[in-house]
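Chain A is already provided as a structure; the job is to place chain B on it using the hints.
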Amino acid sequence: MRHAFAIAKRELRSYFVSPIAYMAMTMFVFLSGAFFSNMVVYYVRQAMLADRQIEQIARSDLQLDVPSVILGEFFKNEAFILLLVLPLLTMGLITDERRKGTLELLLTSPIRSAELVAGKFLGAFSMFVIMLLPTLPFYYVLHQGGAWEPGIVAAGYLGLLLVGAAQIGIGLFVSSLCENVLVSAFGTYGILVALSFVDTSASLARSIWADFIQWLSFFYHYVNFSRGVVALGDISYFATYLVFALFLTQRSIEAIRFKRA
Amino acid sequence: MIAVQHLTKRFGRQTAVDDLTFEVRVGEVLGFLGPNGAGKTTTMRMITGYLPATSGKVSIDGFDLIDHPLDVKRRIGYLQENPPLYPELTVRRYLEFVAEIKDVPARRRAAQVDRAIDRVNLGEVRDKRIAKLSKGFKQRVGLAQAIVHEPPVLILDEPTSSLDPKQRAEVRDLIAELRGDHTVVLSTHILPEVSQIADRVFILNRGQVMAVDTPARLAERLRGREMVIVEVQMPQSAADSHQSSVVSRQSSVDSRQSSVVSRQSSVDSQQVALAREAFEAIPGVSHVVVDPSSGPNLHVRIESAPGTDVRGDVAALVAARGWRLLGLKNESLSLEEIFLELTKDEP
Chain A
1 MRHAFAIAKR
11 ELRSYFVSPI
21 AYMAMTMFVF
31 LSGAFFSNMV
41 VYYVRQAMLA
51 DRQIEQIARS
61 DLQLDVPSVI
71 LGEFFKNEAF
81 ILLLVLPLLT
91 MGLITDERRK
101 GTLELLLTSP
111 IRSAELVAGK
121 FLGAFSMFVI
131 MLLPTLPFYY
141 VLHQGGAWEP
151 GIVAAGYLGL
161 LLVGAAQIGI
171 GLFVSSLCEN
181 VLVSAFGTYG
191 ILVALSFVDT
201 SASLARSIWA
211 DFIQWLSFFY
221 HYVNFSRGVV
231 ALGDISYFAT
241 YLVFALFLTQ
251 RSIEAIRFKR
261 A
Chain B
1001 MIAVQHLTKR
1011 FGRQTAVDDL
1021 TFEVRVGEVL
1031 GFLGPNGAGK
1041 TTTMRMITGY
1051 LPATSGKVSI
1061 DGFDLIDHPL
1071 DVKRRIGYLQ
1081 ENPPLYPELT
1091 VRRYLEFVAE
1101 IKDVPARRRA
1111 AQVDRAIDRV
1121 NLGEVRDKRI
1131 AKLSKGFKQR
1141 VGLAQAIVHE
1151 PPVLILDEPT
1161 SSLDPKQRAE
1171 VRDLIAELRG
1181 DHTVVLSTHI
1191 LPEVSQIADR
1201 VFILNRGQVM
1211 AVDTPARLAE
1221 RLRGREMVIV
1231 EVQMPQSAAD
1241 SHQSSVVSRQ
1251 SSVDSRQSSV
1261 VSRQSSVDSQ
1271 QVALAREAFE
1281 AIPGVSHVVV
1291 DPSSGPNLHV
1301 RIESAPGTDV
1311 RGDVAALVAA
1321 RGWRLLGLKN
1331 ESLSLEEIFL
1341 ELTKDEP
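Sequence lines, in order, name chains A and B.
Mapping of the first sequence onto the numbering used here: residues 1 to 261, in sequence order.
Mapping of the second sequence onto the numbering used here: residues 1001 to 1347, in sequence order.
Chain A on its own, in the form it takes in the complex:
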């Protein structure tokens, strides 16, 4: 696994000199901040209106849980933004190595292909974690406002990390299939959008199929985390996606070697 860390380190280093990574990061932080501030303003206003109404009907025992509503909505949005941003981070993972000829360097080095895949994943995943860091001050803002929901925040982040990992895995696999970064990015978008919103089509199906289609969807599982619910089933759902995607990537890299250059 030593090699995997070397590859991840190199990947991370390359991210920080590439404009695309900065663009993705800026986009993510900007959109997150915009959604967050909009939501805070919107829900605080709603809450104030509601408060007044409550006072009027004089039922002071009714409590509105504004922070958890905000957090729930916020985390849902975050997953959506990730969908836009992560393919930008994964599109070049293998595609670029192929284009530059460095895949040949890696595959003629004493590295197992599994280490290569693990390294690539770790590199992109670390970048994703770094990208999440600027969202931490948001909770400080909520905290200052008198609300503190550490449980929901932790569950929300766990959910984000899991859905991000699965998405990165899929992006990595797609990039191992493509020789062009644009194809890689849009292919990943296609798959991720389909996997995320497939549950909306579940209402058209009946009985067991509806359940199955719903179960396939990223958001169906992710929503639980954003509500502060951590279930083993949801965790293993994302873990399964990730492991399967990494396995396919490894197979795909082996297959590249059989192709004519």
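Rather than coming from a laboratory, the hints here were simulated on the basis of the structure.
In silico lysine to aspartate or glutamate, EDC-like type, Cα no more than 16 Å apart, as pairs:
#1 A:LYS9 - B:GLU1088
#2 B:LYS1329 - B:GLU1231
#3 A:LYS9 - B:GLU1096
Then chain B, alone, in the frame of chain A:
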């Protein structure tokens, strides 16, 4: 050091490398020579373990590639035709990364990176981003990458292609310095190069070995005969004027003048036959080839037995016939011609 047995690679129906068997001894420099598509790169990719062979065996230093791929890969330094670089990294960071994935122990890494940088004279650019380097420097970085883990075997695929002549000479000198410490297999389609560096040359064509020998012996083997190239201009009426035994100087000038006017196209078959007949009559000449498509002048290739020199006789004959001698030179086959000879398509 390198043992290759019955190595074959097929892409679909096409056979890229056909049943290649050879060995390379420790410290030897082996050159692969061949036109594009001859199977040089494919062979190298199979030796380095990038491309799986259709059949056959490769072993390096006693380790079989299929049974011990990591041991084999650890012992090989490989430079592809386009050096595998990360342009966004600095030279030093890049080499550190390569050293790491090539299993250089952490405590020796810095020293070996420095050593590789020194060996290929990259000191002045060690902290520059690779993207900013010139092509010659990039090629050197590629070479440094191949030697950073101090492998016993170096596989260099066209290490000097796409360089200018000066850079080419530099890279060639570098490779010459590396021999001795490493067993080297290199490919090229530049002939003088291979005769300068290689101990042994494989001429490959269509995946098969056409010839194996030292560069010098290869040239000698195919020389085996002397060759003279003559360029002559014959008067239009040469055939006729030859019939009359006495040719006055004046008339020959006249006929020449008239011939300049009339001879726009090419020589006629009569002249070709006449020239061939005349040159074949010279003692020692074994073979005469007249090139009929060479415009108004006749280009004749005269081959003779080894050790003979027919130039004097040829010149005398041309003068005696009243033809004009435009050129006469002695040719010995260069490696270039041997190469063309061996790789040319059968008619």
